[in-house]
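Top to bottom, those sequences are chains R and C.
So the first sequence is residues 1 to 268, counted in our numbering.
So the second sequence is residues 1 to 327, counted in our numbering.
Read the hints as simulated data drawn from the structure, not as lab findings.
Treat each hint with caution, since some may be false.
Straight-line C-alpha distance at most 27 Å; calculated DSSO-like pairs for lysine-lysine [what the hints assert, rightly or not]: (1) C/Lys153 <-> R/Lys107; (2) R/Lys107 <-> C/Lys104; (3) C/Lys104 <-> C/Lys153; (4) R/Lys107 <-> R/Lys17.
These stretches of chain C come out as covered by chain R in the derived footprint (C-beta under 8 Å, 3 or more residues) [to be verified]: (5) 90-101; (6) 117-123.
Far from chain C by the CB rule (all over 12 Å, computed), these chain R residues [claimed, not checked]: (7) Arg28; (8) Leu106; (9) Leu118; (10) Gly185; (11) Ile204; (12) Tyr233.
Source: prediction; values computed, not measured.
Even glycine gets a Cβ: it sits at the ideal position worked out from N, Cα and C.
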Amino acid sequence: MSSAPITQSAIYISAFKRDLSIFLREARYEFIRLLRTRSFALSIIGFPVVFYIFFGLVMNRGGHIGSISVPKYMLAGYAVFGMVGAALFGIGVGLAGELAAGWLELKRASPMSPLAYLLAKCCSAIAFGIIIVSILIFLGITVGHISLILPEYLRMIALTVVGVVPFACMGMAMALVVPFSSAPGIANMIYLPMSFCGGLWIPIMFLPRLLQKFAALLPTYHLSQMMLNSLGYASTGSNTSHWPGLVGFALIMLGIAAIAFRRLEQTS
Amino acid sequence: MTAVPKYPEPATSPIAAEPVGAVALLNNITKRYANGVLALDSLSLAIGRSEIVALLGRTERVRPQPSSCHGLSSPTVGTVRIVGADPRQTAARLRTGVMLQMGKAPEMLRVREHIELFRGYYPNPMLYRDILEVAGLEAIEARMFGQLSDGQKQRVLFALALAGDPDLIFLDEPTVGFDIHARRGMWAQIRSLAARGKTVLLTTHYLEEADALAHRIIVINKGRVVGAGTPTEIKSLGSRAPGASASHGLKIIRCATTLPTLSLLSIPGVIRAQNNDNLVTLTSTQPESTLRELLALDQTLHSLEVRSPALEDAFLALTSQRQSPPL
Chain R
1 MSSAPITQSA IYISAFKRDL SIFLREARYE FIRLLRTRSF ALSIIGFPVV FYIFFGLVMN
61 RGGHIGSISV PKYMLAGYAV FGMVGAALFG IGVGLAGELA AGWLELKRAS PMSPLAYLLA
121 KCCSAIAFGI IIVSILIFLG ITVGHISLIL PEYLRMIALT VVGVVPFACM GMAMALVVPF
181 SSAPGIANMI YLPMSFCGGL WIPIMFLPRL LQKFAALLPT YHLSQMMLNS LGYASTGSNT
241 SHWPGLVGFA LIMLGIAAIA FRRLEQTS
Chain C
1 MTAVPKYPEP ATSPIAAEPV GAVALLNNIT KRYANGVLAL DSLSLAIGRS EIVALLGRTE
61 RVRPQPSSCH GLSSPTVGTV RIVGADPRQT AARLRTGVML QMGKAPEMLR VREHIELFRG
121 YYPNPMLYRD ILEVAGLEAI EARMFGQLSD GQKQRVLFAL ALAGDPDLIF LDEPTVGFDI
181 HARRGMWAQI RSLAARGKTV LLTTHYLEEA DALAHRIIVI NKGRVVGAGT PTEIKSLGSR
241 APGASASHGL KIIRCATTLP TLSLLSIPGV IRAQNNDNLV TLTSTQPEST LRELLALDQT
301 LHSLEVRSPA LEDAFLALTS QRQSPPL
């Protein structure tokens, strides 16, 4: 049966519209679901907030090193800390659980497009990242008395949206490689050292020289340096020198995920 | 023997009036996993509209999973066509609904949210109210999935399989863990699905379920088809001697007797005799003559029981034969 090109494109358009509405609905329900899972929501938001309160605000009450406001400086590090956690635990552990429970198999048997599903998960991780960053900024302004202008805030939010993506890829790779029972443990083993060595807790210049050199390999380092740039603080290199680090990391993670996925298909 | 009202089997094939091809077509499917397990061996199957086909298998592992029929993990050898399309294409998935044997869906979403999500995947989903009614979920639509009992969770998964008003429905062990009322309810719903023109392919290890629901039963042992036909045909398959033609007067006679197996086999009509510590099970093509001879031979015979061959006997016979010829 030959269909006129007009009808053919009409079919594609309606399929795209349906995929779009599927994506929006999946994203909404994924976010709602994570928000309702109190244990997840409280820890993913609480962890970076509590750390920032202790190390950024309480321990450095109105402190300045030279002209740099310590609370504002540390805001960058803990904002990245928060969004990495949201991606790694929201997507990584979440996907691992759904894979182990057989839920993913049911989703794949349905007409839902896997891309819509993965993008939806990424978006809800971004939403959590924005919430965390906003809370940190609020605390910084009210308790830490830092001054933040609107462009700086917008740049931070924009970086959050983009910065979650490489860590979302890492979460996906982890979910496909690591068995569900060890997923939370492995996630922590990646999360905490990567944060520390990337200079998220203690600024990179106070870390031993060897670690400083090693940090160039870490996406957390690159993202936090870009975040510092957006706050107007000098960092090692400009933004353009840090993008390749993030993009390369994301591509490596996607490659690992693709290989792991193919291996899973063969043995399932 | 059982008081179960039997679902009346159609006199003619349900697809006799349909000129179109099969809804699902499995052609010489072989599925061998990377670890060497042979889940399916040369399975060929054509299923039409309004048909309920049950796959009955020996152990969990060797029964075909819907996913192998679905092409998620595509078959090692062979082709699968669902409404003419490869199951890996969205076109096929838009017309099928799947219920897998897994009790875990995201726990912090409400029942109605789960159903809304799945309904949104299809261009012509079933009405929300209808889905609730068929799956019996009206009372719990606002509850979180994690708060449901096992049976309720199964019913939600059933609802998700129906969400798109599919033409072909896969059910993997649909009534596992159900109590008798819930099971009968589910059976009634499955029958009404078939009556509405849908095709149902289910896997089960409940013989009664296959007997009650299926127009056709496919018995699978170690991945190979060892028996296929209507429930009546399968039952007579298991109790007939190789080479004998199908007979309708087949009966199973049980009694406690001291007669030796050899003399039992020489009684007219007996084609098979099993002796279990003096409890004897005979299969006879002429039950009346057998009974007359039996009662005359042994005056101390007691606990006599005569019944029609059951699916259980056929199933055990078909799946325990070492060299069962593939059908």
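Hints versus structure:
1. For the suggested pair C/Lys153 and R/Lys107, the alpha carbons sit about 16 Å apart, so the restraint of at most 27 Å is met.
2. Restraint check: the Cα-Cα separation between R/Lys107 and C/Lys104 comes to about 12 Å, which is no more than 27 Å; the hinted pair holds.
3. Taking the CA atoms of C/Lys104 and C/Lys153, the gap is about 8 Å. The hint holds against a cut of 27 Å.
4. Pair hint R/Lys107 plus R/Lys17 holds up; C-alpha atoms about 19 Å apart against a cutoff of 27 Å.
5. Residue count for the region 90-101 of chain C with a Cβ under 8 Å from a Cβ of chain R: 7. That meets the three needed, and the coverage hint holds.
6. A count of 6 residues in the region 117-123 of chain C with a Cβ less than 8 Å from any Cβ of chain R is obtained; the coverage claim is therefore met, three being the minimum.
7. The non-interface label for R/Arg28 is inconsistent with chain C: the shortest C-beta to C-beta separation is roughly 9 Å, within 12 Å.
8. The Cβ of R/Leu106 sits about 5 Å from the closest Cβ of chain C, inside the 12 Å cut-off, so the non-interface label is violated.
9. Chain C leaves R/Leu118 outside its interface by the beta-carbon criterion, the shortest separation being 15 Å against a cut-off of 12 Å.
10. No beta-carbon of chain C comes within 12 Å of the beta-carbon of R/Gly185; the shortest separation is about 21 Å.
11. Separation of R/Ile204 from chain C is adequate, the least Cβ-Cβ distance of about 38 Å exceeding the 12 Å criterion.
12. In this structure R/Tyr233 is separated from chain C by more than 12 Å, as the shortest Cβ-Cβ distance comes to about 39 Å.
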